Structure formats: structure tokens, C-alpha cells
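2 protein chains.
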Amino acid sequence: MSGGEFDFIERFFRPLAGEGARGLRDDAAVLALAEGRELVLSTDTLVEAVHFLPGDPAETVSQKLLRVSLSDCAAMGAVPRGYLLNVSRPSGFDDQWFASFSMGLAQDQAQYGVTLLGGDTTGTRGPLVLSLTILGEVEKGAAIGRIGARCGDAVWVTGTIGDAALGLQALLDNLPDPDGFLAGRYRLPRPRVGFPLARFASAAMDISDGLVQDAGHIASENGLCLEIEAQAVPRSPQALAAGERWQSLCLTGGDDYELLFTASPDCEVRIMEAAAETGIPVTRIGTVREGRGVVVRDPSGKAMTLDRKGWQHF
Amino acid sequence: MSGGEFDFIERFFRPLAGEGARGLRDDAAVLALAEGRELVLSTDTLVEAVHFLPGDPAETVSQKLLRVSLSDCAAMGAVPRGYLLNVSRPSGFDDQWFASFSMGLAQDQAQYGVTLLGGDTTGTRGPLVLSLTILGEVEKGAAIGRIGARCGDAVWVTGTIGDAALGLQALLDNLPDPDGFLAGRYRLPRPRVGFPLARFASAAMDISDGLVQDAGHIASENGLCLEIEAQAVPRSPQALAAGERWQSLCLTGGDDYELLFTASPDCEVRIMEAAAETGIPVTRIGTVREGRGVVVRDPSGKAMTLDRKGWQHF
Chain A
0 MSGGEFDFIE RFFRPLAGEG ARGLRDDAAV LALAEGRELV LSTDTLVEAV HFLPGDPAET
60 VSQKLLRVSL SDCAAMGAVP RGYLLNVSRP SGFDDQWFAS FSMGLAQDQA QYGVTLLGGD
120 TTGTRGPLVL SLTILGEVEK GAAIGRIGAR CGDAVWVTGT IGDAALGLQA LLDNLPDPDG
180 FLAGRYRLPR PRVGFPLARF ASAAMDISDG LVQDAGHIAS ENGLCLEIEA QAVPRSPQAL
240 AAGERWQSLC LTGGDDYELL FTASPDCEVR IMEAAAETGI PVTRIGTVRE GRGVVVRDPS
300 GKAMTLDRKG WQHF
Chain B
0 MSGGEFDFIE RFFRPLAGEG ARGLRDDAAV LALAEGRELV LSTDTLVEAV HFLPGDPAET
60 VSQKLLRVSL SDCAAMGAVP RGYLLNVSRP SGFDDQWFAS FSMGLAQDQA QYGVTLLGGD
120 TTGTRGPLVL SLTILGEVEK GAAIGRIGAR CGDAVWVTGT IGDAALGLQA LLDNLPDPDG
180 FLAGRYRLPR PRVGFPLARF ASAAMDISDG LVQDAGHIAS ENGLCLEIEA QAVPRSPQAL
240 AAGERWQSLC LTGGDDYELL FTASPDCEVR IMEAAAETGI PVTRIGTVRE GRGVVVRDPS
300 GKAMTLDRKG WQHF
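These protein sequences, in sequence, are chains A and B. So that you can map any letter, position 191 of the first sequence is 190 in numbering that gives the first Met the number 0, and since no number is skipped, the others follow by simple counting. So that you can map any letter, position 242 of the second sequence is 241 in numbering that gives the first Met the number 0, and since no number is skipped, the others follow by simple counting.
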């Protein structure tokens, strides 16, 4: 590690380090779990010009990076504890950029109750590449995955669906967005940290690649069909104001970072209590049936044909 | 996640997934620790053209990536459990390359007793960027860090020092390397997994940036001086055959991935027992003294002046 790298870490990352990080001075971080708990781990990479633009505000880039992983953690029903960060830094990103990057992380650390545990920084001649690994904890055996949905389970989502996809269209000037709400939803996920999925969910994931495509993952992992009523899928007032021609994009567009979960119909009261406790709105949007794949029904009960299934990574 | 990304993961990474990875099908991996144990975490990034060359054999790139982290884990006295992998893949690295990459990991997984827990793959227009996060475990409170060295402690290293730095010179045709031993030491670290540092070490780290520079980290973290006897620093027969003019490079060159640790003089028997048990050679190279920094003494007791302190990252 050179003087330059030390100084870079000292200025921008040491202030983010928390318990277990050993001041970022050791070869590794150390994390203890309370008895009866187990660890949940997820990692994500953002690449400049693929997942964000060089001109995007640095603090939203860092917050998006952290929040995408927090969302994965929330989807497993886990409480986030801390994170590791890998930065491959081209010379074009200066100290001012990283000061904002670090400030964004500091704000989100306070909001979501996590701290930096460790990381690695390297130079690169290519684009800025950022990887973040989140560590969360959950009661032993209580992690919720994509497998576990049963025939007859209700299908639920948190929040509203499609805002981020419309936000991207607004940023491309294809759609008005007078209050900037839609663009904001695209720019910065709002991970559903704290939603107590473990109390009732039979299967869960976060919606990152579009509701229909992600529902398809739960369907295929369980060898069942997820039947979704298009009219039941919650849309924000702003998304509704955009008009019905955008409905299909709301169902298939990416970047929602809401939770999609299945639960026995008996759990409705518990789910509503969880929503009231956490202030996170939930909506029942369909049912798990025998069959394969995802069927989206219009109000007449007819299966809808959708243009695209979701976001393609590469 | 697109069909292409699914297929990429299915072919090259699913076969590496182990317990807790949930088949790489969930938003996160889950890892349980036995009671009384805690987690040790370390992460490293390798960037094409910075840390490896596009023409390097893919299986040694992946093994180097894993072994560098295994070495960090070993330096904390921890037993490795599993790892997460982030790949930012440019189009120039084809499936054949990743087949070898994956094969290298499979071999090392068997050798070191770890499995893949999860990861993320993205496209990039820049160089290949690889990040690996290792998870290990250690008895609660038993992790060894850089802090803890005491005045009067002996300074020890495992293995031989300087082979990798000479190996790079051999690859640059500055040095003969008839049996390829030195180049092999440069290409592929041999992490000292299983060396029971927790039984005796007061402070430890792995030597990645050169013995003198890394000894300097232990010195500064403890506000003490590490006095090293140059003649005591173990060199391989091949390094000795290169001649005395390479001694300084052996002391300051990087990529050894041997362990550097301090221990009370009382611990010598225990250290020798550990060496015998694990087959990992150890050598006492010096003493912790009052003062600051690192002093390397020649056989006459004179402090040596060394050209460079170690490898500079950026």
C-alpha cells in the first residue's frame, strides 16, 4: 500500500469504519454474531457507463451501491450489519468526487444502521468499478429465499411498482415528471430494510429486474405459476398520472427495489400488522397456482401480452 | 439478470457453489458459525493490466485472486470457509478463458477447503476487474492483528522471503531461473492456511508489499521498532544462487505471501511444534525494540540502507 492509497483510505473511508473494522488497519475485519443468529451475505458491482454515468452525483452513486445490497439483505428477511467496499479508481475521479461519495455513504450508514467493515482500493485505466458486499444477520434457519412458495399462497409487493422505470423515461424526456418523484425513484432505491418477512413469507426476493421477470424467478424456482392481476399492482399517483399506456412498462421495468413475496392466505393480518409497524405499504397482487411461469391478467381476466420481460444485464 | 448472465453463472460458477450458497439462486448466501466462533472477512481486487496481464493463464489469475485473500485470512489466524466473487467482464475474455478460470478455482477450493458462496457478474467496456471476498472463522477474541507486538518479542517469518520479487526479475530476463521456481513463486502465492498463529502470535500480517515495508506497518501500529538481521532472513536455494546483489530486493520486494509475526521469546517451542505439525517452515529474523520503524542490520551490526521500501499500489 503506497502513501497515496493510505491517504485515500484515511480521508474517505476511515471515517466510515465501525465496530469490527479494526480501523481498516488489519488484513481482515472481524464480526461476531449473537448466539442463534446466522449470516446473510450479498454482493453487487456497479460499473461506470453501465450502471451509472460519470456525471451522476457521487453521493447518489455510493448510496445506490449500498442500497441495492441493503435491498438484497431485506429480501432475505435479514438485518444489515456492515459492508465491505472495493474501489477500482481511474484517475478521472478526483478527491472531491470521493468526498461526496463518502458523504453519501455516511448519510446512509446513519439511516440504515450499518458501518464499513473493510475493503480494497486499486487503480485502473478503465471505468470506475465499485463492488459492495453486505453482511446481515437473521435468526438461524429464518432466512427467506426464492424457494418455498406453495400453491394457493397470496402474492404481495411492498410500495409502488414501476416508478423507477418511468423515472428513466422521464430523464430521457419521454414523460413529464413535474415533481421529480419518478426520476428520484430511478436514481435512488429505497430498500425495505426492517420489513419482517421472516414472520410470514414463504418465499421472497427484491424486484430489481422488473416485476414480471422477477416473479418468473419465484415461479420457476418453485415449479409453480404466479398469477398477477394487473389492476391490483400498486402504482404511485405520479405513475397513474402518466397514463395507462405506461402500465406495461410499470409491470416489466426494472429498478423498483420493492419486495415481492408469497405467503399463506392465513397470514394477511400479520402482514397488515407488519405494514402498520414499519410504515411500509403492502398490496396483494395475485396468487400462486399450479402451472409454470407468470400470467398477468387484465380486469376482464384475459392474460395480457407484455412487450418485454425485464432488464437485460449483458 | 439476462439469459446470457444466467448461462455464464450456470456454466462457470454454479459448479463451485457450496453449502450456504443456496445454489447461487437467491439474493444472498447464508452462513452459520459454530458457537463461540467469529467471522473474519477480507476482500481484494485484481485489475487486468495492473495486477495481471491479459495473456496470463486464466487458472493462475483465479488462483492468485483466491490465494491472496486466503493469505489475509491466514494472517489473522483464521480458518477459511468460503468466498464471494465479483466479475466485471469485458467482451475480450471468452468462455474458454472463464472455463480455465473456474477450473483453477475448483482446484484451489479442493486444496484449501473453501467453496463459492455468491457473487455478481456485470459487463464492462474496460479491463477485467475481479474482486474476491473471503470469509473465515476464528475463536471469539482469538483473531490476530497488527496490533499487539510487545517490546522484546521475537520477529518471525514463514517460508522463504524474496522469491516472488526475484521471479518477476526472472520473467523480465534480468535473472536466470533454470527450474522456474522463482517465476512460479511470483505467479502463484502459497498462502499459509492452517498455520496456528492464535496459539502464540502477539501480532501478525501477511507479507504482500515487501518484508521491510510490511514490518514497518507492525512497527508503526505498535509504536515500536522492528529490528531485523538481514542474514537471518530465510532465502531459498534459488534466491541464494542468484547472488548477494539481489539480497536487498529480497528484503523489500513484494508478493511473498508469507506470514510475518511477533511472539514472546517464551513461545519458541510452541512455534517450532506448529511448524512441525503443519510442515510450514518458520525462522526467527529479529526482535521488537523500543523506537520507531524498521532497522535491518548487516552481519557486522550496521544498519543497512535499502533502495526501496516496497511495492507501491497507486
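Don't take each hint at face value.
[To be verified] Quick list of the computed label-pair ranges, beta carbon to beta carbon:
#1 A/Gly242 x B/Phe5: 31 to 37 Å
#2 A/Gly112 x B/Leu239: 51 to 57 Å
#3 B/Gly140 x A/Phe5: 37 to 43 Å
#4 A/Phe5 x B/Ala274: 40 to 46 Å
#5 B/Gln106 x A/Pro280: 46 to 52 Å
#6 B/Gly140 x A/Leu239: 53 to 59 Å
#7 B/Glu243 x A/Glu34: 39 to 45 Å
#8 A/Glu34 x B/Gly3: 40 to 46 Å
No lab work stands behind these hints, which were simulated from the structure alone. Bear in mind the structure is a predicted one, so any value in this text is a computation, not a measurement. Ideal placement from N, C-alpha and C gives every residue a C-beta, glycine not left out.
Status of the given 40 to 46 Å range, CB of B/Gly3 versus CB of A/Glu34: 43 Å, holds
field: Pairwise beta carbon distance, B/Gly140 to A/Leu239, judged against the given window 53 to 59 Å
entry: 56 Å, holds
- request: Could you say whether the range 46 to 52 Å given as a hint is met by the Cβ separation of B/Gln106 and A/Pro280?
  value: Roughly 50 Å apart at Cβ, these two residues keep to the hinted range, so it holds.
message: Quick check: does the Cβ-Cβ distance between A/Phe5 and B/Ala274 fall within 40 to 46 Å?
response: Hint violated: Cβ distance 33 Å, outside 40 to 46 Å.
task: For the range 39 to 45 Å, tell me whether the beta carbons of B/Glu243 and A/Glu34 fit it or not.
output: Because 57 Å falls outside the window, the suggested range is violated.
- prompt: Is it true that the C-beta distance of A/Gly242 to B/Phe5 lies inside 31 to 37 Å, as the hint says?
  reply: 34 Å, holds
message: Given the hint of 51 to 57 Å, is the C-beta distance from A/Gly112 to B/Leu239 inside that range or not?
response: 55 Å, holds
- prompt: Is the hinted range of 37 to 43 Å satisfied by the C-beta distance from B/Gly140 to A/Phe5?
  reply: 28 Å, violated
Hints 3, 4 and 7, counting from the list given before, are not met by this structure.
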